[in-house]
Amino acid sequence: MEEVRVFPLTCAVQNYAWGKIGLDSEVAKLVVGGDPLAVIEVDKPYAELWMGAHPKGDAQIKDNRIAQTTLGQWIAHYPACLGSKVKDAFQGQLPFLFKVLSVNTALSIQAHPNKELAATLHAQFPEHYPDNNHKPEMAIALTRFQGLCGFRPVEEILGFLQAVPEFHALVGRDAAEELRSSVGDEVRTSQALKKCFSKMMSCEKKVFVDELNELVKRVTQEGAAGKDTSSSNGDLLLRLHSQYPGDIGCFSIFFLNYMVLEPGQAMFLGANEPHAYIYGDCIECMACSDNTVRAGLTRKYIDVNTLCEMLNYKPASASSKIFLCVQDPADPCVTLYDPPVPDFTVMKIQVPASVKEYTVASVDSASILLVIEGDATATSAAAFSDLTMRRGSVLFVSANESISLHVTSQSGMTLFRACSLL
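Per full-length UniProt numbering, the sequence shown starts with residue 1, numbered consecutively.
Treat the hints with care, as some may be off.
In the DSS-like style, the derived pairs of lysine-lysine whose C-alpha atoms are separated by at most 25 Å in a straight line are [unchecked claim]: (1) Lys-300 <-> Lys-206; (2) Lys-300 <-> Lys-56; (3) Lys-194 <-> Lys-205; (4) Lys-300 <-> Lys-199; (5) Lys-44 <-> Lys-87; (6) Lys-314 <-> Lys-195; (7) Lys-300 <-> Lys-194; (8) Lys-206 <-> Lys-195; (9) Lys-56 <-> Lys-115; (10) Lys-314 <-> Lys-348; (11) Lys-56 <-> Lys-44; (12) Lys-194 <-> Lys-206; (13) Lys-87 <-> Lys-56; (14) Lys-44 <-> Lys-300; (15) Lys-217 <-> Lys-199; (16) Lys-348 <-> Lys-115.
Don't read these hints as lab results, they were simulated from the structure. From a predicted model like this one, the values you see are computed outputs, not experimental measurements.
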């Protein structure tokens, strides 16, 4: 019999401590949607759903006609399923990892190295940097999503240096003055920003903990007295401090843009871009790597020198960090999130209530399809039997295969699809 080339997956769940708890988590809701028999523990965090072939979370194949048990094994057997261009460009590996994240408490402030730095770090410190690949990522909000991303415009940082004496104390008068006098000169501004950030990051622990306690005390008292604490970024400060008391990352809110993405909005995190996720649910797609250089809001290893050397010190507004999606010219139902890297593209497919028959077009790349809302019966020449699609269903689709959806829900369907459009 010809091999099945489109099949459903059971995906790996990661129960990291920062995840939303029980059925508050979008991840948990999708798991139950995809498998009504799945047991969700009410007091357990459900942080990430991994849809892909990463060795730390290789998806299980839900089709008993297939001999292989995981997606990674199956791709190793049939690398042609990737599409010839993708297979050659990425050495027979699926180049992306597709995820859903449900964030309850902040993830560490981090940046991901570019390819050259990743190779160097992996060679020097394999225990901290497990592979030699870059890790660009894109987050697309499913619910209102809060994060930090990139350095703020210099005027904003200077404003905080003036309004927050505890922050000024960590950066120091010299570095702060250098930043102030660099305004208007891009190169000098980047150098001064690097100096300010490095100064703060390499502060002695006792010094920054004292300043942080002082700041938290002051903001708490001002808030209790009914004063506006926004000039000290008070609400966010207190929230992060309650999650990570005594952590240097609490001060990074004065350097980094605070982002609020509405559902459907996205941010793309290229190499060396400092970022953190704070709260909400999102779709995330990334190159297949685990390399992370951390900077705070974490109990893990912080590599201050590497971090301060590698960051992109280009100040920019929060609005400029929103990644613009485009309508697919060939299909009004498809929105493309196409970042400036070859490893992945994400498509949002919104089938309106009026459309009952919809074809998911073939692309020259393996893809993974996730249903966020709606129900359908799916047929494909490469599946050999009808597949029931509902909220939480995940399908692996080999390159150059299309899928016909017979939509049965009243209000249409929403799906996300990850692939590599070389």
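Tested hints:
1. Lys-300 <-> Lys-206: Judged against 25 Å, a Cα distance of about 19 Å means the pair holds.
2. Lys-300 <-> Lys-56: Holds: Lys-300 and Lys-56 sit about 18 Å apart, inside 25 Å.
3. Lys-194 <-> Lys-205: 20 Å, holds
4. Lys-300 <-> Lys-199: At roughly 21 Å apart (the allowed maximum being 25 Å), Lys-199 and Lys-300 satisfy the hint.
5. Lys-44 <-> Lys-87: Given pair Lys-44, Lys-87 is violated - Cα atoms ~38 Å apart, limit 25 Å.
6. Lys-314 <-> Lys-195: Roughly 13 Å separates the two Cα atoms, so the pair holds.
7. Lys-300 <-> Lys-194: 23 Å, holds
8. Lys-206 <-> Lys-195: Roughly 21 Å separates the two Cα atoms, so the pair holds.
9. Lys-56 <-> Lys-115: Given pair Lys-56, Lys-115 holds - Cα atoms ~21 Å apart, limit 25 Å.
10. Lys-314 <-> Lys-348: 30 Å, violated
11. Lys-56 <-> Lys-44: This hinted pair holds, its Cα atoms lying about 20 Å apart.
12. Lys-194 <-> Lys-206: 22 Å, holds
13. Lys-87 <-> Lys-56: OK: Lys-87 and Lys-56 at ~21 Å, within 25 Å.
14. Lys-44 <-> Lys-300: Since the Cα atoms of Lys-44 and Lys-300 sit roughly 21 Å apart, the hinted pair holds (cutoff 25 Å).
15. Lys-217 <-> Lys-199: Answer holds: Lys-217 to Lys-199 is near 23 Å, not above 25 Å.
16. Lys-348 <-> Lys-115: The hint is violated at about 28 Å.
When held up to the earlier numbered hints, the structure conflicts with 5, 10, 16 and fits the remainder.
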